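Could you build the full structure based on these sequences and the hints that come with them?
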Amino acid sequence: MSAQIELVSARAVHGLEPVPDLASADRIVISNSGGKDSIAAMDEAVRLADDAGVRDRIVVLHIDLGRTPRGHTVEWPGTEDLARRQAAHYGLPFQVRRSAKWPSLVHRIRARGQFPHFLSRFCTSDMKRSVAHRFVTEQVDALGITGRPARIVHVMGFRAEESRARARRPAVEVDGRASSGRRTVTQWYPVLRWSTTEVWQRIRDRGLPYHWAYDAGMSRLSCSLCVLASAPDLTCAAGLRPALAREYADLEKEMGVPFRRELSMAEVIRRAGGAA
Numbered sequence: 001m002s003a004q005i006e007l008v009s010a011r012a013v014h015g016l017e018p019v020p021d022l023a024s025a026d027r028i029v030i031s032n033s034g035g036k037d038s039i040a041a042m043d044e045a046v047r048l049a050d051d052a053g054v055r056d057r058i059v060v061l062h063i064d065l066g067r068t069p070r071g072h073t074v075e076w077p078g079t080e081d082l083a084r085r086q087a088a089h090y091g092l093p094f095q096v097r098r099s100a101k102w103p104s105l106v107h108r109i110r111a112r113g114q115f116p117h118f119l120s121r122f123c124t125s126d127m128k129r130s131v132a133h134r135f136v137t138e139q140v141d142a143l144g145i146t147g148r149p150a151r152i153v154h155v156m157g158f159r160a161e162e163s164r165a166r167a168r169r170p171a172v173e174v175d176g177r178a179s180s181g182r183r184t185v186t187q188w189y190p191v192l193r194w195s196t197t198e199v200w201q202r203i204r205d206r207g208l209p210y211h212w213a214y215d216a217g218m219s220r221l222s223c224s225l226c227v228l229a230s231a232p233d234l235t236c237a238a239g240l241r242p243a244l245a246r247e248y249a250d251l252e253k254e255m256g257v258p259f260r261r262e263l264s265m266a267e268v269i270r271r272a273g274g275a276a
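When the letters of the sequence shown are read in order and numbered with UniProt numbering, they come out as residues 1 to 276.
Hints in this document: simulated from the structure, not taken from any laboratory. Take these hints with a grain of salt, some might be off.
As the list claims (entries may be wrong) - Straight-line distance between alpha carbons at most 20 Å, and here's what the computed DMTMM-like set of lysine to aspartate or glutamate pairs gives:
1) K128 <-> E173
2) K128 <-> E138
3) K128 <-> E80
Note that the structure is predicted; figures quoted are calculated from it, not measured.
This is the structure in structure tokens:
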């Protein structure tokens, strides 16, 4: 009953969200992390692209966050393969890109001497946003459009429930930092006002492939050990990936700063039943 009330209330307050003019887009780039919100956003974007007759203009981008100095994947094992299978589910071309400067997010953290936090999300700016911008440049170059800016629609699985900042976003907005005289980049968040219940309902109704970490107890995917994750998710992740958690705890000691101000990785490991 509470889930039904939640869904009805969200629709009553926000109504139908705007959709960009997909028929006028020269390229539609779908960023896919492999998470539940990404696959739901992809499904919705493909559905509306089909309505506009432009599925052939879609390309799926997965940004890989690399391997730590000890060889562990920053993301959950199998994420890249899952993202590829999710793209193949729709017959879409799939591309993987990585930071050209940093072998992994952990290398970037060590170089900076601190972990990301809410007010300094360099994990996103250095490892994801800049990589996505370079990919868009590649797409614009390949299109070879002259006489006008190329029209790019960038699809992301942001949801308002995830943070106050995302809740303030419109469902469609021009990305001024990514746009230039050569291109206009429109950000589109197809599932922005969807609840978690709606996301999972779409996944189940459509039989969409999703990551095993959810069935193992995680509520979000993201990095395996994300500084913005809830304490229960961090505890769950440390239990599932103890060697990675140990590497983060050792990095805490090396840099002399905790994983989070109020929660060290050593404490997360203790909560997960490991030896700190």
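**OP:** Sort out which numbered hints this structure fails and list those numbers smallest first.
**Re:** Structure breaks no hint.
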